[in-house]
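Colleague: Letter by letter, the chains look like this.
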Amino acid sequence: MYWNKEEIDDIIEARGNNQSSIISILQDIQEKYRYLPVEILEYVSKKMDLSPAKIFGVATFYENFSLEPKGKYIIKICDGTACHVKKSIPVLEALRKELNLSEKKHTTDDLLFTIETVSCLGACGLAPVITINDEVHGKMTPDKAVDIIKGLKEGTGNGN
Amino acid sequence: MKGTMIIDGRKVEFDNEKNVLEVVRKAGIELPTFCYHSELSLYGACRMCIVEDKNGKIFASCSTLPKDGMEIKTHSPRLKKYRRNILELLLANHDRDCTTCEKTGNCTLQELAARFGITKVRFGELVDRLPIDTSSLGIVRNPNKCILCGDCVRMCSEVQGVGALTFAYRGSRMRITTAFDRQIGEVNCIDCGQCRAICPTGAIAIKNENCKFWELIHDENKRVVVQIAPAVRVALGEEFGYEPGEVTIGKIVAALKMLGVDEVYDTAFGADMTVIAEGQEFVERLNTGENLPLFTSCCPGWVKFAENRFPELLDNISSCKSPQQMFGSVIKEYYKEKDKNDGKETVVISIMPCTAKKAEAAREEFVHNGVRDVDLVITTQELALLIKEAGIKFEELEDESFDMPFGLVSGSGVIFGSSGGVAEAVVTSLLEKKPDNISKELMFKDVRGLANTKEATYQVGDRQVKVAVVHGLKNAENLINKIKSGEKEYHIVEVMACPGGCIAGGGQPVPVTGDVRQKRSLGLYRLDRSSQIKSSEQNPLIKSLFEGMLKDNHEILHVHRKEKADIE
Ligand code: SF4
Ligand code: SF4
Ligand code: FES
Numbered sequence: 001m002y003w004n005k006e007e008i009d010d011i012i013e014a015r016g017n018n019q020s021s022i023i024s025i026l027q028d029i030q031e032k033y034r035y036l037p038v039e040i041l042e043y044v045s046k047k048m049d050l051s052p053a054k055i056f057g058v059a060t061f062y063e064n065f066s067l068e069p070k071g072k073y074i075i076k077i078c079d080g081t082a083c084h085v086k087k088s089i090p091v092l093e094a095l096r097k098e099l100n101l102s103e104k105k106h107t108t109d110d111l112l113f114t115i116e117t118v119s120c121l122g123a124c125g126l127a128p129v130i131t132i133n134d135e136v137h138g139k140m141t142p143d144k145a146v147d148i149i150k151g152l153k154e155g156t157g158n159g160n
Numbered sequence: 001m002k003g004t005m006i007i008d009g010r011k012v013e014f015d016n017e018k019n020v021l022e023v024v025r026k027a028g029i030e031l032p033t034f035c036y037h038s039e040l041s042l043y044g045a046c047r048m049c050i051v052e053d054k055n056g057k058i059f060a061s062c063s064t065l066p067k068d069g070m071e072i073k074t075h076s077p078r079l080k081k082y083r084r085n086i087l088e089l090l091l092a093n094h095d096r097d098c099t100t101c102e103k104t105g106n107c108t109l110q111e112l113a114a115r116f117g118i119t120k121v122r123f124g125e126l127v128d129r130l131p132i133d134t135s136s137l138g139i140v141r142n143p144n145k146c147i148l149c150g151d152c153v154r155m156c157s158e159v160q161g162v163g164a165l166t167f168a169y170r171g172s173r174m175r176i177t178t179a180f181d182r183q184i185g186e187v188n189c190i191d192c193g194q195c196r197a198i199c200p201t202g203a204i205a206i207k208n209e210n211c212k213f214w215e216l217i218h219d220e221n222k223r224v225v226v227q228i229a230p231a232v233r234v235a236l237g238e239e240f241g242y243e244p245g246e247v248t249i250g251k252i253v254a255a256l257k258m259l260g261v262d263e264v265y266d267t268a269f270g271a272d273m274t275v276i277a278e279g280q281e282f283v284e285r286l287n288t289g290e291n292l293p294l295f296t297s298c299c300p301g302w303v304k305f306a307e308n309r310f311p312e313l314l315d316n317i318s319s320c321k322s323p324q325q326m327f328g329s330v331i332k333e334y335y336k337e338k339d340k341n342d343g344k345e346t347v348v349i350s351i352m353p354c355t356a357k358k359a360e361a362a363r364e365e366f367v368h369n370g371v372r373d374v375d376l377v378i379t380t381q382e383l384a385l386l387i388k389e390a391g392i393k394f395e396e397l398e399d400e401s402f403d404m405p406f407g408l409v410s411g412s413g414v415i416f417g418s419s420g421g422v423a424e425a426v427v428t429s430l431l432e433k434k435p436d437n438i439s440k441e442l443m444f445k446d447v448r449g450l451a452n453t454k455e456a457t458y459q460v461g462d463r464q465v466k467v468a469v470v471h472g473l474k475n476a477e478n479l480i481n482k483i484k485s486g487e488k489e490y491h492i493v494e495v496m497a498c499p500g501g502c503i504a505g506g507g508q509p510v511p512v513t514g515d516v517r518q519k520r521s522l523g524l525y526r527l528d529r530s531s532q533i534k535s536s537e538q539n540p541l542i543k544s545l546f547e548g549m550l551k552d553n554h555e556i557l558h559v560h561r562k563e564k565a566d567i568e
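Residue numbers (the numbering used here), protein chains in the order written: chain Z, 1 to 160; chain Y, 1 to 568.
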C-alpha cells in the first residue's frame, strides 16, 4: 500500500499532536485512504507517543472506521425495519451474488465494491433503500440493484 | 474531608478516605469489587460495589465521595438482587471449566459466586469460544474467562507505561486484546505478568511449565541444579497459610529435595557476583565519565522496555548479566568437568518470582549451541503447585540448608529482591568502611521502602555518588524523561519493572496489596540484618571464584546485547 509520511504528518499537525485529537486524525486518514491501514496507524502511534493498542481500541470502537481496505464504491444496504419488510434481504443477496461477496467477505478483490448493511438510513419512505457512495437509490429490487452495479462496472453509471 | 456517615445503621467516621467504598471497608464490611484497585484509576464498570442511599438511589461506592451525614445500606434486598444478577450475567458469558482452571480456589468470580449463593446459572454456555493465546513465554491469555473489568488494561498502561492491552470493539463484541488483535507474544508486552497478578479471574495466567520440571526430574541422565531467587522465600509461604514476609527458605529447600532436585543453590549468590561485576563497571564509568548514569540490568522486564522505548539508552544499561543468567552460566561452567566424568548432563532450573525471567532465559544471548544457561524457569506460584501436587506437607517440613559451594551468600545479595536493594548492595560494596546494622538502616532509608521514585547521595571515596531508584515502568519513564531533559542527574539508576521490586513480581502469590509488598520487603531486610556476611565482596566464595574461574572469563558475567540498529 502506498502512503506518504508527510501527508500523515500534515494531518497530525493540522489536528494537533495530542491524545484528544485522535478521532479526528483517524477520520482524516480514513477519508484519504478509504480505510485505516495498519502501517499508518503504527506510524501515528510512534509519532503521537500513544500505544498502538490504544489506537486500535479507538479504531475498532467506532463503526465508521474500517481497518480493511474498502472498494471505490461503497454500497450500503438498509436493513432497518421498513426496508427489511419491503424485502431488502433479496437485494443484498443478489448484490452479493453478482459481486462474489459473502457475509464474511465485504470487498471485491479488485477493490471496486464494498457491501455493508446498515440499520436505518432514515429514508423509510423509499424502502427498500441502498446508497452508493452516499447517493440514495430508493425502491430497490434485486434486478434494479444488479443493473446499477453492472452499469458502474462498465463505467457508464454515475455512482460518483 | 472529615465527617460521619451512617452505614447499615451504624455511625462511621471518615477522614480522607478517597471514596465511599473505602469508608465501608474501614467499617469492617467487605464490599465485593472487581474493578477497584487503589493504585489504579477509577473505572467504575463492574457495579459490584453498589450501595443504596436513604432515598433508594443505588450508586457505585468506589466512584462516590463520602459526604458528612450520608446514610447508606450495603446489603439491602435490592442490592443483593442486583449483585446476583450481575454475577449471573458474568457467569453466563464465562468459560466455566473451573476444575481445570489455574485460578481455581483463588478466583474472585468463583469466590463471589459462592458468597452470593449462586448455585446455578440460568443461561446456557458460551458457544463461540475465542482462541487461547499461548504466544507469550510468560503468560497465557484465555479471553473466554475475561469479565471485562479492565484491571489489566489499566495496570499495563498506568503502572507499567507499556499499553500492550486495550479494550476493542463494542457492545457484545467488546473484548480485551492487543494492537490489531496480534498475539501477545508479538507486541510490546514485556512479560512482567502484572496483568496476571491483578486479573480477578483465570483470563490471564502464568505460563505453567511444571510438566517440563517433572520431565527433567525424571530423566536419569540429568543432574538437576536449582537456584532460588531471594523474593521467593518471603512469599511462597502464603500459599501454605504463612504471613506475607515470613521466611520459609529452609522448608523450600527441603521441599525441592523431596521433589527430586539434586542440588539447591541461592540466586543471592548470583546477585553477589552481579554486585562485584556491576560495581567494577560503575567505577570504570565513573572514572571515564562515559555512559552515565549506569542503569541496572537485573530486571528483564525493564531491559525489554528500554529496548522498545529507549533504545538510545542501551549503552547506559549495565553490561552485566542478571543474577539468574550469571549464575546459570557459572553453574554450567562449574559442572562441566563433573558432567564429563559421570556422564550426566547438568540442567539449571531457577525458581523465580517473575514471569519475565521465563522470557529472559530464552533470549538468544543466553543460548549457546542450542543449550540455555538456564534451562527452565518456574515461578513461585508454579512451585507451590508442584509441592501440592506431590502431596508434600509444607508446614511439617524440617528446615534444610542450601547446598555448597553456592549456598553461602551475603545479605546484600538477598535484598536484591526488593526495590532499592540493588542500589544499596552496589553502594555498600564500594564503601571502604562498611556500616553496621544500625547505621546501614539510617544510611539507606531513602532508597528503601515503597515510594515511587527514591533518591540519595553517597560519599564513595572522594566522589559524591547520586543514586535514583524507581519501580513500576511508568515511574521509570517519567524519571528517564527528566534525566533526558537535564532536570535530573544521577550516577546510578536502579530500575525494577514491578511495583515494589521482585517481591511483587508477576509470578508471586496473589493478591498483592501495598501491605503485602511492605511485609515481603521487610522480610528480606530482616534476613540481611541477621546475615553474617554483609557485603558481596566479603563473601569468601565470591572472592575465590573471581580469582579463579572468572578471572579471565569476562564472557560468563557480561552480555552482548544486540546492537540498537538490530532491535528496531
Ligand atoms: S505482562 Fe506486563 S507488559 Fe505484558 S500485557 Fe501484562 S502488564 Fe502488560
Ligand atoms: S483479562 Fe482479567 S483483568 Fe483483564 S479485563 Fe479480563 S477479567 Fe479483567
Ligand atoms: S468496584 Fe466499583 S464499579 Fe467496580
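If you're looking for bench data, these hints aren't it; they were derived computationally from the structure. It is possible that some hints are incorrect.
Claimed, not checked - No farther apart than 30 Å at their CA atoms in a straight line, the calculated lysine-lysine pairs in the BS3-like style are these:
{"#": "1", "chain 1": "Z", "residue 1": "144", "chain 2": "Z", "residue 2": "104"}
{"#": "2", "chain 1": "Y", "residue 1": "482", "chain 2": "Z", "residue 2": "46"}
{"#": "3", "chain 1": "Z", "residue 1": "47", "chain 2": "Y", "residue 2": "488"}
{"#": "4", "chain 1": "Z", "residue 1": "46", "chain 2": "Y", "residue 2": "484"}
{"#": "5", "chain 1": "Y", "residue 1": "543", "chain 2": "Z", "residue 2": "47"}
{"#": "6", "chain 1": "Z", "residue 1": "76", "chain 2": "Z", "residue 2": "46"}
{"#": "7", "chain 1": "Z", "residue 1": "54", "chain 2": "Y", "residue 2": "474"}
Colleague: Next, verify each hint and record whether it holds.
Modeller: Here is how each hint holds up against the structure:
1. 144(Z) <-> 104(Z): Distance ~24 Å between residue 144(Z) and residue 104(Z) Cα, so the pair holds.
2. 482(Y) <-> 46(Z): Holds. Residue 482(Y) to residue 46(Z) sits at ~20 Å (cutoff 30 Å).
3. 47(Z) <-> 488(Y): holds, 25 Å
4. 46(Z) <-> 484(Y): Status holds; Cα separation ~18 Å.
5. 543(Y) <-> 47(Z): Not satisfied, since the Cα-Cα distance of roughly 50 Å exceeds 30 Å.
6. 76(Z) <-> 46(Z): violated, 34 Å
7. 54(Z) <-> 474(Y): Measuring from Cα to Cα gives roughly 16 Å; hence the hint holds.
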